[in-house]
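Residue numbers (this note's numbering), protein chains in the order written: chain A, 1 to 302; chain B, 1 to 305; chain C, 1 to 450.
Note that these hints are calculated values from the structure, not bench results. Predicted model only: the values in this text are computed from it and were never measured. Glycine residues also receive a C-beta, built at the ideal position from the N, C-alpha and C atoms. Incorrect hints may appear among the rest.
[To be verified] With beta-carbon atoms standing in for the labels, derived distance ranges:
hint, chain 1, residue 1, chain 2, residue 2, range
1, C, D257, A, E75, 39 to 47 Å
2, B, V63, A, Q90, 41 to 49 Å
3, B, R298, C, A429, 45 to 53 Å
4, B, L287, C, D347, 18 to 26 Å
5, A, L96, B, R298, 36 to 44 Å
6, A, T159, B, R298, 41 to 49 Å
7, C, P78, B, L287, 53 to 61 Å
8, B, L65, A, A192, 51 to 59 Å
9, A, E75, B, V63, 57 to 65 Å
10, A, P70, C, D240, 51 to 59 Å
[Stated by the list, open to error] On the chain C side, residues computed to face chain A include the following (Cβ under 10 Å):
hint, residue
11, G91
12, L97
13, G104
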Amino acid sequence: MTAIRPARRSLRQPKLDNRRPDQKRKSTLLTIVMGVFLIYSILPLVWLIINASKTQPNLFGSFGLWFSGPFALFENIGLTLTYNNGIFIQWFGNTLLYVVVGAGGATLLATAAGYGLAKFNFPGKRAVFAVVLGAIAVPGTALAVPTFLLFSQAGLTNTVWAIIIPSLISPFGLYLVWVYAIDAVPTELLEAARMDGSSELRTFFTISLRLLAPGIVTVLLFAIVATWNNYFLPLIMLSDPTLYPLTLGLNQWNAQATGAGADPIFNLVLTGALLTIVPIVIIFLVLQRYWQSGLGAGSVKQ
Amino acid sequence: MSVALSTGQPTALSSKPTKKNWTGWIFVGPFIAVFVVVFIVPVAYSIYLSFYRDQLIGGNAFVGLANYQQALGDEKFWAALWRVALFFVVQVPVMLVLALVAALALDSARLHASSFFRIALFLPYAVPGVVAAMMWGFIYGDRFGLVGNINDLFGSTVLEPYAQQWLLASIGNINTWEFMGYNMLIFYAALRVIPLDIYEAAELDGAGAFRVITSIKLPALRPAIVVATIFSVIGSFQLFNEPNILRPLIPSSISTSFTPNMYAYNLSFQGQQYNYAATIAIIMGVLTAVIAYAVQLRGSRKDDR
Amino acid sequence: MSSQHKRRVFTRSATLIMAAALIGTGLVACSSGDGGSTGGAASADAIDAALEKGGTITYWTWTPSAEAQVAAFEDAYPNVDVKLVDTAGAGDNNLKLQNAITAGSGAPDVVQLEYQSIPQFALPGSLVDLTDYGFGDLKDLYTPGPWNAVAGTGPIYGLPQDSGPMALFYNKDVFDEYGLDVPTTWEEYIAGAEKLKEEAPEKIYVNDTGDAGMATSLIWQAGGRPFSSEGTDVTIDLTDEGTQKWADTWGELIEKDLVGDIAGWTDEWFSALSDDTIATLTTGAWMPGVFEASAPDGSGKWRVAPMPTYDGGEAVNAENGGSAQVVVEQSKNKDLAAGFLRWLNSDEASIKVFLESGGFPGTVADLQSDEFKGYESEYFGGQKINEVLVAGAESVSTGWQYLPWQSYANSIYAETAGQAYLNKTDLTAALDDWAKANVKYGNEQGYTVK
Chain A
1 MTAIRPARRS
11 LRQPKLDNRR
21 PDQKRKSTLL
31 TIVMGVFLIY
41 SILPLVWLII
51 NASKTQPNLF
61 GSFGLWFSGP
71 FALFENIGLT
81 LTYNNGIFIQ
91 WFGNTLLYVV
101 VGAGGATLLA
111 TAAGYGLAKF
121 NFPGKRAVFA
131 VVLGAIAVPG
141 TALAVPTFLL
151 FSQAGLTNTV
161 WAIIIPSLIS
171 PFGLYLVWVY
181 AIDAVPTELL
191 EAARMDGSSE
201 LRTFFTISLR
211 LLAPGIVTVL
221 LFAIVATWNN
231 YFLPLIMLSD
241 PTLYPLTLGL
251 NQWNAQATGA
261 GADPIFNLVL
271 TGALLTIVPI
281 VIIFLVLQRY
291 WQSGLGAGSV
301 KQ
Chain B
1 MSVALSTGQP
11 TALSSKPTKK
21 NWTGWIFVGP
31 FIAVFVVVFI
41 VPVAYSIYLS
51 FYRDQLIGGN
61 AFVGLANYQQ
71 ALGDEKFWAA
81 LWRVALFFVV
91 QVPVMLVLAL
101 VAALALDSAR
111 LHASSFFRIA
121 LFLPYAVPGV
131 VAAMMWGFIY
141 GDRFGLVGNI
151 NDLFGSTVLE
161 PYAQQWLLAS
171 IGNINTWEFM
181 GYNMLIFYAA
191 LRVIPLDIYE
201 AAELDGAGAF
211 RVITSIKLPA
221 LRPAIVVATI
231 FSVIGSFQLF
241 NEPNILRPLI
251 PSSISTSFTP
261 NMYAYNLSFQ
271 GQQYNYAATI
281 AIIMGVLTAV
291 IAYAVQLRGS
301 RKDDR
Chain C
1 MSSQHKRRVF
11 TRSATLIMAA
21 ALIGTGLVAC
31 SSGDGGSTGG
41 AASADAIDAA
51 LEKGGTITYW
61 TWTPSAEAQV
71 AAFEDAYPNV
81 DVKLVDTAGA
91 GDNNLKLQNA
101 ITAGSGAPDV
111 VQLEYQSIPQ
121 FALPGSLVDL
131 TDYGFGDLKD
141 LYTPGPWNAV
151 AGTGPIYGLP
161 QDSGPMALFY
171 NKDVFDEYGL
181 DVPTTWEEYI
191 AGAEKLKEEA
201 PEKIYVNDTG
211 DAGMATSLIW
221 QAGGRPFSSE
231 GTDVTIDLTD
241 EGTQKWADTW
251 GELIEKDLVG
261 DIAGWTDEWF
271 SALSDDTIAT
281 LTTGAWMPGV
291 FEASAPDGSG
301 KWRVAPMPTY
311 DGGEAVNAEN
321 GGSAQVVVEQ
331 SKNKDLAAGF
341 LRWLNSDEAS
351 IKVFLESGGF
361 PGTVADLQSD
371 EFKGYESEYF
381 GGQKINEVLV
391 AGAESVSTGW
401 QYLPWQSYAN
411 SIYAETAGQA
421 YLNKTDLTAA
431 LDDWAKANVK
441 YGNEQGYTVK
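Let the sequences and hints guide you as you build the complete structure.
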């Protein structure tokens, strides 16, 4: 059991900058270069915030990068949340459901499977890995129609399961945990536990999971983003707007501008988009310590 | 298949090969079970579909390889394929180089407020692709978008993101914006685990910053670059969201077969030609897998020196 | 451990078997939905009985007044529960409907369809023929154009909701500012465009990025009849006289660079309508409602005029857009669905609600009513717009047919014919590309297309 200690310490490296022996003075030039990158990354988001604060009529006539007309952000937020009997909140709830069950489930499956691939030698192992990685290369559209047809035979289309079940597979998550587990869970540790008489599952839950924690959080976060932003599959599977996730709902609002019954609500689309992004950003900020060390697959063995 | 992200040395399967038994399936089983339903079965069904043809008038019939023959002779398909190949060849290196520069800058410990940069550059990844395309679609507008404002400022049409010659680049820009931060983080994480002693040794040898980058950091990044490239290959060849969202804004410039994925999608849902769509999708899937595998081979060949 | 292991293996096999079973059923039952047998005599009495008995039906639509109409219906027939689904627009609506039909389940009982989309669902047998329910008796309620669209080939597939006879909408402020006359012929129209371009090149006289709906309606108005189908034999001839007339006119506008390139139904487009950028718009009579809802800043600037003619003679018109509601073959409660449909589009109470939200009627009575014709529109500067629009409805020419796959045809218009708009090249040649693509598609789908 003592073997864990050193590995653990090196897994969590809060102040990463101190390690550098070559720490020189800060470079302003480099900071400026990064500043350019920063502007590039942030600009559209700034645009989004500014324009979500405009009223529908004001949206078009005004300069894109500065406020104009009455500051209507809170009004827009209120409108977004109450439009059409608060369907936005329903969409939000749906998205939460899909994320918690779908991304949560995906993380569980990927963690278990990645662990299995990393630490066990079993018949069919190479095949499993090759097939799973090969599957990522298959375009989503190849799967969309057959999945749709299959699910409708099973009566699953237009239900929450149509979204959740496909979300449960995260090949990237599998790959991440696999690579992470190889180094993060020392095989000697597992041998020791086996000799102590612990079952594989018990070892997994009591020892390995803790060691895999940063990797798991990383997978969870990426799965959350993927499920939160899922668009194509729900588009085909769902026809009942009360089941839509946020992405699909926003798309519907956007499409409302077209045709004989037109009722454009672009200001709500923008505000809705903003509200859709905020939770993800918060999650990333709150959990950044974990996923940043998790992405550094493997640890440094001192 | 030894892919190593931590250091340059293969560590993956270095543990003594244990005897094969079925224990591993306890862990891998649940994933595989769902995987079969969600991937294997639809792919198999897709392959089945590609051998048939279901017409609006006349119903379903077995046509063997006729769909594949049609695809190989279909100039719309080849145009779309060429387009995503071009996209891949240009956009991916640009994006990865930018991500690399950013990662190296972050890693150099010579930045002010580096953790702020780290988060800020990663933010675009959190934006749903659909929303990102929508936002950039607004920005590119030459009447009310930012592009329009800039053009007015300079008094002429300096920027024309929707013009034929710039269209692919404009779409590439959206993609780069979305994923640069994500790739930057993959590289950054790989850089973070380079052992300190290597740097100490380099300093003793009197290596300057540039030498450190080329001799230590870049080689250490090779596996990460390979992984990032593979995912980008897959992303480029599957290009769909951005051109599809932009299409209503410029309908004559983006056709229903602009990318292979769009072609397959429109074949299915506009034209009810599911069988041909399945054929296109399978050809694309095989092609993408081959190229991804080639990248992986090339990338790891240099490892086993 | 071994029992766990055994359980895992068993579960895995079960999953595989289930998956295999799924494939099996998928392979066998994948053809387009063949609805279950309805049984029982369909008749007007059957409808009344069903409405009394009650039940639940699903209604897909994107009409803004639908909620109010459904509420009124449920008041009148308390035993019936209508589940209303807003499908946001024709595109998504048709996509979901097509998916449901292909999958064999999930389709609504009643659904809104644009007139041009009716053939593609009717021909493969996905819609219910409502003749037996006595819907033929309702024929005289509607103007010929819309009725033809739902019943022109014999069976009655639905009831018209509205109509869209074309009219010329023009921005009076712009016309006054630049001394433009309201064109009565297409020649004058082109002249007006040239004049505006000279005086104010940043303004747009006519805007079109390759709108298939506008093109087909204008071809119709010009007397062209490029599409005709008899069962599964389809003829496509985009070189007939009427089509040529339109192609020459529109082609001239394009080649002289008089056509604007703002994509329709975008926020840019609505702004351009509001701020004097676009000067004219030839479209259906349902447009005033859209103006009011989506381009409120243009209030007072616009007026309506009759469509320009080709020869300065008698007015000739066409329909642009408009939809009907239909009953889907997959419906498990056809009698009730038919009852709802009948009320929806022929009952005065329902039509009143529809009109209140700005719809343009397809019913003769409403079109002829003095109240309707006398309506003074504030948005259009007090003009009695309905007088012009109704006159337009009365001059719609007959004999027009859409393709059995019009949605698909329209979706490929931009990349074939639309290329002429983009590159300012020969429209006739580009139309030929569109024709060829349609011939290819039709033959691929099993029709015999010439």
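Hints, one by one, checked against the model:
1. C:D257 with A:E75: 39 to 47 Å: For E75 (chain A) against D257 (chain C), whose Cβ atoms are near 43 Å apart, the range 39 to 47 Å holds.
2. B:V63 with A:Q90: 41 to 49 Å: With a Cβ separation near 45 Å, V63 (chain B) and Q90 (chain A) satisfy 41 to 49 Å, so the hint holds.
3. B:R298 with C:A429: 45 to 53 Å: Cβ of R298 (chain B) to Cβ of A429 (chain C): about 47 Å, so the range 45 to 53 Å holds.
4. B:L287 with C:D347: 18 to 26 Å: violated (57 Å)
5. A:L96 with B:R298: 36 to 44 Å: holds (43 Å)
6. A:T159 with B:R298: 41 to 49 Å: 44 Å Cβ-Cβ, so the 41 to 49 Å window holds.
7. C:P78 with B:L287: 53 to 61 Å: holds (60 Å)
8. B:L65 with A:A192: 51 to 59 Å: holds (57 Å)
9. A:E75 with B:V63: 57 to 65 Å: holds (58 Å)
10. A:P70 with C:D240: 51 to 59 Å: For P70 (chain A) and D240 (chain C) the Cβ distance comes to about 55 Å; the hint holds.
11. G91: holds (7 Å)
12. L97: holds (9 Å)
13. G104: G104 (chain C) check passes; min Cβ-Cβ to chain A is 7 Å, inside 10 Å.
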